[in-house]
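Add 261 to the 1-based position in the sequence shown for the working numbering, that's all there is to it.
Since the hints were made in silico from the structure, they are not lab data.
Any given hint could be a false lead.
Stated by the list, open to error - Taking lysine-lysine and the DSS-like style, the derived pairs with C-alpha atoms no more than 25 angstroms apart in a straight line are:
no.	residue 1	residue 2
1	304	393
2	393	338
3	385	329
To be verified - Per label pair, the in silico range of CB-to-CB distance:
no.	residue 1	residue 2	range
4	389	344	50 to 60 angstroms
5	327	366	13 to 23 angstroms
6	309	376	13 to 23 angstroms
7	334	282	10 to 20 angstroms
8	352	306	32 to 42 angstroms
9	304	328	17 to 27 angstroms
10	350	328	21 to 31 angstroms
11	388	325	23 to 33 angstroms
12	386	351	35 to 45 angstroms
13	295	369	25 to 35 angstroms
14	352	321	44 to 54 angstroms
15	383	351	28 to 38 angstroms
16	398	306	25 to 35 angstroms
17	284	385	20 to 30 angstroms
All C-beta atoms in this analysis are idealised placements derived from N, C-alpha and C, irrespective of residue type, glycine included.
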Amino acid sequence: MRTFDFAPLHRATIGFDQIADMMDRVLTNDVAQPSYPPYNIEKTDVDTYRISVAVAGFSEADLSVEVKENSLVVSGKKAADDQDRSYLHRGIATRAFERRFALADHVRVTGASHENGMLNIELKREVPEALKPRRIEISSTNAIEKDVVDAKAVN
262 MRTFDFAPLH
272 RATIGFDQIA
282 DMMDRVLTND
292 VAQPSYPPYN
302 IEKTDVDTYR
312 ISVAVAGFSE
322 ADLSVEVKEN
332 SLVVSGKKAA
342 DDQDRSYLHR
352 GIATRAFERR
362 FALADHVRVT
372 GASHENGMLN
382 IELKREVPEA
392 LKPRRIEISS
402 TNAIEKDVVD
412 AKAVN
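Given the sequences, and given the hints that come with them, work out the whole structure.
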């Protein structure tokens, strides 16, 4: 396994330590990450995303979607089957699961739907107006000098 040294990042930046910590967590947890249930992450527009999780055999009541501290947690737990069944082959997994997705700042969950064995979670990045780029008008030096002269005349 590769190891990465994040020391240069810590020496040259301020406030980005969360990124290094997140990369470290992802790289160490990547090996132990379960593959059940399968999922897709797609970018549907410039600032919108969809996570699709294959949840065959689960009803809406068996599924839970929660947002906790910039983390999306999708979990499923099948209710106990009261029927006494005898399977010759059981290939549809209905075991309990929990999937976590790290959400970037300003990404929020806008909705979730369950259809045809797929759980679709819609997300949108909403950057506040204060953080969006804004254009600063450049004024000529004559306007600044005029304001200074007017202020002297008033005093």
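Hints, one by one, checked against the model:
1. Taking the CA atoms of residue 304 and residue 393, the gap is about 21 angstroms. The hint holds against a cut of 25 angstroms.
2. The hinted pair formed by residue 393 and residue 338 fails the criterion: a straight-line CA distance of about 41 angstroms is larger than 25 angstroms.
3. Between residue 385 and residue 329 the alpha-carbon distance is near 16 angstroms, which keeps this suggested pair within the 25 angstroms criterion.
4. Distance hint check: the CB atoms of residue 389 and residue 344 are about 52 angstroms apart, consistent with the given range 50 to 60 angstroms.
5. The beta-carbon spacing between residue 327 and residue 366, approximately 18 angstroms, falls within the hinted interval of 13 to 23 angstroms.
6. Look at residue 309 against residue 376: about 18 angstroms separates their beta carbons, and that is inside 13 to 23 angstroms.
7. Between residue 334 and residue 282 the Cβ separation comes to about 19 angstroms, which falls inside the hinted range of 10 to 20 angstroms.
8. Take residue 352 and residue 306: their Cβ atoms lie about 36 angstroms apart, and the range 32 to 42 angstroms holds.
9. Between residue 304 and residue 328, the C-beta spacing of about 19 angstroms keeps the proposed range 17 to 27 angstroms intact.
10. The hint said 21 to 31 angstroms for the Cβ distance between residue 350 and residue 328, and at roughly 38 angstroms that hint is violated.
11. Range check, residue 388 to residue 325: Cβ separation about 28 angstroms, and the 23 to 33 angstroms hint holds.
12. The supplied range of 35 to 45 angstroms is met by residue 386 and residue 351, whose beta-carbon atoms lie about 41 angstroms from each other.
13. Distance hint for residue 295 and residue 369: a CB-CB separation of about 26 angstroms, consistent with the stated range 25 to 35 angstroms.
14. Range check, residue 352 to residue 321: Cβ separation about 23 angstroms, and the 44 to 54 angstroms hint is violated.
15. Hint check: residue 383 to residue 351, Cβ distance near 33 angstroms, so the stated range 28 to 38 angstroms holds.
16. Take residue 398 and residue 306: their Cβ atoms lie about 31 angstroms apart, and the range 25 to 35 angstroms holds.
17. In this structure the supplied range 20 to 30 angstroms holds for residue 284 paired with residue 385, their Cβ-Cβ distance being about 25 angstroms.
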